[in-house]
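Sequence lines, in order, name chains C and A. For the first sequence, the working numbering begins at 1 and goes up steadily by one. For the second sequence, the working numbering begins at 1001 and goes up steadily by one.
These are computed hints drawn from the structure, not numbers from a lab. All values derive from a computational prediction rather than experimental measurement.
Listed next, the in silico DSS-like pairs over lysine-lysine satisfying Cα-Cα at most 30 Å (straight line):
#, chain 1, residue 1, chain 2, residue 2
1, A, Lys-1101, C, Lys-7
2, A, Lys-1314, A, Lys-1468
3, C, Lys-157, C, Lys-221
4, C, Lys-192, C, Lys-137
5, A, Lys-1160, A, Lys-1240
6, A, Lys-1384, A, Lys-1320
7, A, Lys-1160, C, Lys-7
8, C, Lys-7, A, Lys-1240
9, C, Lys-158, C, Lys-184
10, A, Lys-1015, A, Lys-1240
11, A, Lys-1314, A, Lys-1478
12, C, Lys-7, A, Lys-1250
13, A, Lys-1342, C, Lys-99
14, A, Lys-1390, A, Lys-1015
15, C, Lys-179, C, Lys-158
16, C, Lys-171, C, Lys-192
17, A, Lys-1384, A, Lys-1314
18, A, Lys-1342, C, Lys-221
19, C, Lys-199, C, Lys-179
20, C, Lys-7, A, Lys-1087
21, A, Lys-1087, A, Lys-1320
22, A, Lys-1087, A, Lys-1240
23, C, Lys-194, C, Lys-171
24, A, Lys-1342, C, Lys-73
Stretches of chain C that chain A covers, calculated by requiring three or more beta carbons in the stretch to come under 8 Å of a beta carbon on chain A:
#, segment
25, 65-72
26, 148-161
To give a feel for the contact side, a few chain C residues facing chain A, derived at Cβ under 7 Å:
#, residue
27, Pro-9
28, Ile-20
29, Asn-28
30, His-31
31, Ile-57
32, Ser-60
33, Trp-96
34, Arg-100
35, Lys-130
Even for Gly, the Cβ is constructed at its ideal location relative to N, Cα and C.
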Amino acid sequence: MFAWLEKRPFFFAVVLFLVIAYAGVIENLPHFTEQARPVEGTKPYTPLELAGRHVYIKDSCNACHSQLIRPFKSETDRYGMYSLSGEYAYDRPFLWGSKRTGPDLMRVGNYRTTDWHENHMWEPISVVPKSIMPAYKHMFTKNADLETAYAEAYTVKKVFSVPYDEEGMPKLGNWEEAKEQMFKEAKVIVDKMKNQEVKDAFAKGEIRQIVAMIAYLNSLK
Amino acid sequence: MQKGEVLNYDYTVAKWFIYTTVFFGIVGMLIGTIIAYQMAFPDLNYLAGEYGTFGRLRPLHTNGSIFGFMLSGIFATWYYVGQRVLKVSMAESPFLMAVGKLHFWIYLITMTAAVVSLFAGYTTSKEYAELEWPIDIAIVILWVLWGVSIFGLIGIRREKTLYISLWYYIATFLGIAMLYLFNNMEVPTYFVAGMGDILHSVSMYAGTNDALIQWWYGHNAVAFVFTVGIIAQIYYFLPKESGQPIFSYKLSLLSFWALMFVYLWAGGHHLLYSTVPDWMQTMASVFSIVLILPSWGSAINILLTMKGEWGQLKSNPLIKFMILASTFYMFSTIEGPIQSIKSVNALAHFTDWIPGHVHDGTLGWVGFMTMAAMFHMAPRIFKKELYSKKLMEMQFWLQTTGIVLYFSSMWVSGITQGMMWRATDQFGNLTYSFIDTVTVLIPYYVIRATGGLFYLIGFFMFTYNMYKTISRGRVLEKEPISASPIAA
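Bound-form chain C, shown alone (with noise of 0.2 Å):
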């Protein structure tokens, strides 16, 4: 058999396709409209918290922290209950890392505070001595992309559904009320952080990439 396929350019590519392509269609398929399924209390994120998760993403903080707590004593003692599937339900894209350089922190907003992060992403060893994450001072100065943010949701809600605007979940609306409603967040976080130069910005109207980042990492519970 393995002769005449040698001869049969055409048909020895289709069958080591399906050779290579079965595995993929048993392993992804049978779970997949079950894993997207949220555990209750889990809510999408708002569009400032998007704002954030954006910059996570834009500087790959995902390179050296994971958010997945593996079911261990020694995992759930140091960064609390270990995770579940309906936790991640509205993650698009997953942000799971594969490397721990840094600790996990698919729960940091239970055990860390605005003003900790301000420092930390400011000067990271003045929080953590011989910590080797570099500072993220830019983060101090450059503006977050609301309306991507804006767009992300508003695509998510229409594409895949996602519960914005229904009972219990996050306000998205239209735009405009969306700035709003960033603006309001954005303001609690900015009245507990120190930076002048952030301060005379969101009194200009601007919100700083660290304050996005700031509301997504306390989000994160």
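Following the hints, put chain A in place on chain C, whose structure we already have.
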């Protein structure tokens, strides 16, 4: 074609891809060395503002090395090996020649766009699939062009039976096509919302499903670029360089089809103890161990090809590169399955042992094979004698030392880290805070980065040797039959 007439193969496109192999090799490995030193000396993060941090550079290192260096190598060898095993010249078909050239230029433009966009921070965050949607589309186009080139050349072949290398090239083409398409399904947000960044997109899959598809892709992109595309090369270049026939046709048959059947299951071993269903994790673990068979099958087939001819290892550095490559292939394909055992993975996952493992394969197996292929092709494409055997020997030992430093330090570092994360005192409390588990690793990071630096220097030696061969090598009257001619 008349009997006895010699075919004039056209290596234009192969030549171009050799240049990009060398170029992206330098880019990928240079960035790799920088980010390795960043882990030991964090101040190196600030060399280029926000564009020089570890997070920005890491995707550049992986994409540059995988899709720049390795893939260029696969394309370069395809445009060389394809013609020769099919007994047909690209010059015979203006259409295939045009496709090949277009393939190259679109590849170059795509890679340039990839480098620029990753520096700017455009990333989907999915490992080895970071590129945003317009670049994904360009990649689909260049991949289709490669497919046209493969099947077009096969269509006009004179040699009816497909040689082993071709099976692997076809598999690389089909495997990556399927995986890339499914993993990069994304919705560009601008076209739905009418605002925001036009380059931004959102994944079609969420959470656990996204993870599953990603690692089905991620692991098997490794399979079909790092493994399949490289085996294609060794099955051609080792017999050619040594003048020895492949040890066993049956073993190559078994290894090939078993590899194809088993490999796709293994992706789930990246998700052990995660939230994907348990049966899938177990399957991934079991199949990863089964994977030893086809992997070692190929490697043993390659090693036994040298049976009775081991003396060549002494006389021909190219053979040395290839044999060490297949030895590292055996090494990393036993290490991978060990790490896929659930209890081992509980310790190894998220630690430095994982990048350590990857680099056994990439530096030892892929890097050595790719460079050996370039050395073998150079005298035949450029009709020049290779420039320096001495330099080649030095490069070999320097890089081998580099790899040993790399994987040994990462073993120690990874296992140390894993053990410290789980260590508890007599009352059951965690012994170490996280930062304790970081600072203890610094010496190993220095050793690792230095290993990487050795490899990089070796790569510069390779580049210099290639450059001198092309520009200064003694002109060869006729094509060498087996061992490539090398000046002392």
